[in-house]
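Protein chains in written order, with this note's numbering: chain E, -10 to 401; chain X, -10 to 401.
By construction, these hints were calculated from the structure, which means they are not laboratory data. One thing to keep in mind: the hints can contain errors.
Identical chains share a label here; the pair holds if one copy fits it or two copies do between them.
Pairs of lysine-lysine residues, derived as DSS-like cross-links and limited to a Cα-Cα distance of at most 27 Å, are as follows [claimed, not checked]:
1. Lys26 <-> Lys47
2. Lys353 <-> Lys94
3. Lys256 <-> Lys399
4. Lys353 <-> Lys374
5. Lys202 <-> Lys145
6. Lys353 <-> Lys234
7. Lys196 <-> Lys157
8. Lys378 <-> Lys253
9. Lys378 <-> Lys94
Protein chains: 2
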Amino acid sequence: MLAEIITIGDEILIGQIVDTNSAWMATQLNLIGIRVKQVTSVSDDAGHIIEALQLAEKRADVILITGGLGPTKDDITKLTLAQYFNMGLKRDEATLEIIRQIFSKSNRPMIESNLRQADVPDGCTVILNKNGTAPCMWFQTERIVVSMPGVPFEMKYLMEEEILPRLKLAFNLPSIIHKTILTSNIGESFLAQEIEEIEDSLPDHIKLAYLPKLGQVRLRLSGSGTDETILQEELNHFSALIVHKINQYVVAEEDIALEQAVLKLMKERGLTLSTAESCTGGYIAQLITQHPGCSSVYQGGAVVYSNELKESILGVRHDTLESYGAVSEETVKEMAIGALQRFQTDIAVAVTGIAGPDGGTVDKPVGTVWIAAANKSKVITRLFKYGSKRTQNIERSASAALTMILHILKES
Amino acid sequence: MLAEIITIGDEILIGQIVDTNSAWMATQLNLIGIRVKQVTSVSDDAGHIIEALQLAEKRADVILITGGLGPTKDDITKLTLAQYFNMGLKRDEATLEIIRQIFSKSNRPMIESNLRQADVPDGCTVILNKNGTAPCMWFQTERIVVSMPGVPFEMKYLMEEEILPRLKLAFNLPSIIHKTILTSNIGESFLAQEIEEIEDSLPDHIKLAYLPKLGQVRLRLSGSGTDETILQEELNHFSALIVHKINQYVVAEEDIALEQAVLKLMKERGLTLSTAESCTGGYIAQLITQHPGCSSVYQGGAVVYSNELKESILGVRHDTLESYGAVSEETVKEMAIGALQRFQTDIAVAVTGIAGPDGGTVDKPVGTVWIAAANKSKVITRLFKYGSKRTQNIERSASAALTMILHILKES
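With the rest of the complex left out, here is chain E (with noise of 0.2 Å):
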């Protein structure tokens, strides 16, 4: 089963928005098992429009379309679409309800060409978008081709909500099911080597995927086949012989992310967390606090980064900083354990390093990072040696003391 993903819009064309649709339409349809073949952008160009819908029909059993839906007259996909279909426009009444209803919440008053929103061809069904004034559209020929709003909150909750469950039961889709191991600190390939046994043992309706990032592997097992009560209790056996074999490096057992993980065995403990940064600069906290709800568990956080404040924010001693420098073991002990004391946590986490360009010397050299993690009992702290990259080296270290917390938990 094969689908393709046609982007309609300038904006991308001219470089002014990033298309981070494609890859999260094609991520979900990879989990329902629907594989994307091309994911092409045009502009808003009627004829450069069809050409790419004559051209994915050739390829793919299924086409989705984003973009090009508003109210200005540059927006073209729908009177497109009804031209290559060879349909007539409708009004649409529920379509025009939801946008009546839209307006009068924000008070603003309605335009001739908000009205016109509400029009369809007249031989497609009409998907309702709760979330904004530009209906998505289901073409059933020979193909299916859907047309959805580019706004991505928009398109994503028609895509959950309508979209993938209807291409589920119009191609009579297997079952599908995943099961998500978070591993950090660990590369791809040294874990390759660890579980070899167990992949080489996955029988043919069980993929394994190594998904990469930054410091952490996610390895997503995915099974298919017609009983999901049968196929749960195999990948949770495969699951389990992962756990177990590469215990050390396993964060979470579920499709989150490394500092969710923290999060969650963190407020399942009642516990609670502060950060002191130096080289990460504040990435760390900003990582956790962009989660709703992590104030139970997070309390803040120190930047520090002048000596000047490792001292008078943390509590680090002057003359640690004299004798063995900033980025240290000493000192990102004396950072964790201030931390720990003046935020009243549980458990502190500390990072102190050189991010670069500038900075390094021979002794440490750019991407030299000291990470401590402490609670009311002990301090851990491990060396890391990165690269020359700022962004990377930030990146890597925030991976690294989110890693680090979850070793402390273990331990404790």
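Given the coordinates of chain E, work out where chain X should sit on it, guided by the hints.
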């Protein structure tokens, strides 16, 4: 002059990575006067790559290809291009030398597949890639076809240093000069109204583009012509008119990020900065510290989620929190003053608000944010009312906080 971008690689089609390369390349191409007609992402499949190339050659003058140049057997771009252009392969000695150097630096052993990285189609022009083992290949027939590695920093370096200058020469493109004005905390339509007369008076060879981003709008004047000196004078003239008209909203007269504008101005004046963040949770700190060299201005900051830490770390009075609440003008003022004193800086900025999705009340709904900026002689505060989306609320608050730093800098 039209270009197309073809990205090759299964990673994009399974949604594992977001294609950020294309938007960047499209921006760069537009800046030298080449419009992008289509962006196509295809799999590592020879037939599919050739089909995409054939179609692109019908529509565009230049085809830029990224990806599929790795040493593993799934990467087939190079062989496919040799087949497409009917060329044999030859080993490129200069590329081989670069590969040898990269391996000797990292002390890794070279295997046959690494040597093959130096093989190129014998009719192409090799452009050396100093940052990686895959060479860049330039094919000149009726069209120009360029194949580059997909690793973003390798691609960007090659584009900036080699491809863009060569394309300018190959097509004898007119000079295009740009001038960017960064504005903050003013809407696009309001801006357009303010500078309508200036925009209407622009000659045909000078265009004005509005590039909006949460809370910021970038105005870009682009002029094309043959005499760069005259063109630059014209752009300066119109830019000065615009800046004069909307002076209070202008934060930079060059194409830099908002936080870079803050850092630059403060560095020039020898001032230091600290941050006190509640609902932005370290996002402002992290924006600032992603930039190398920020440490001469930015000293550090506190993330204070809990009320206890607002008191103990920043010195907000217990009474203030009791009487007015954590999200109030009184609290944000004391947070800013506390940061100024405890982090010993010339300027401090503080943010407290309800990022959501929970925590709102009737009086203070989700999206309510107080921001303060303080220097040694005064504090300015402002109330913002954003929407219900946590991420957007955090990003907009950060943008507003940085703008308030600029305001207090302007006033002093």
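Would you pick out the hints that fail for this structure and give their numbers low to high? Violated hint (a single one): 6; every other hint is consistent with the structure.
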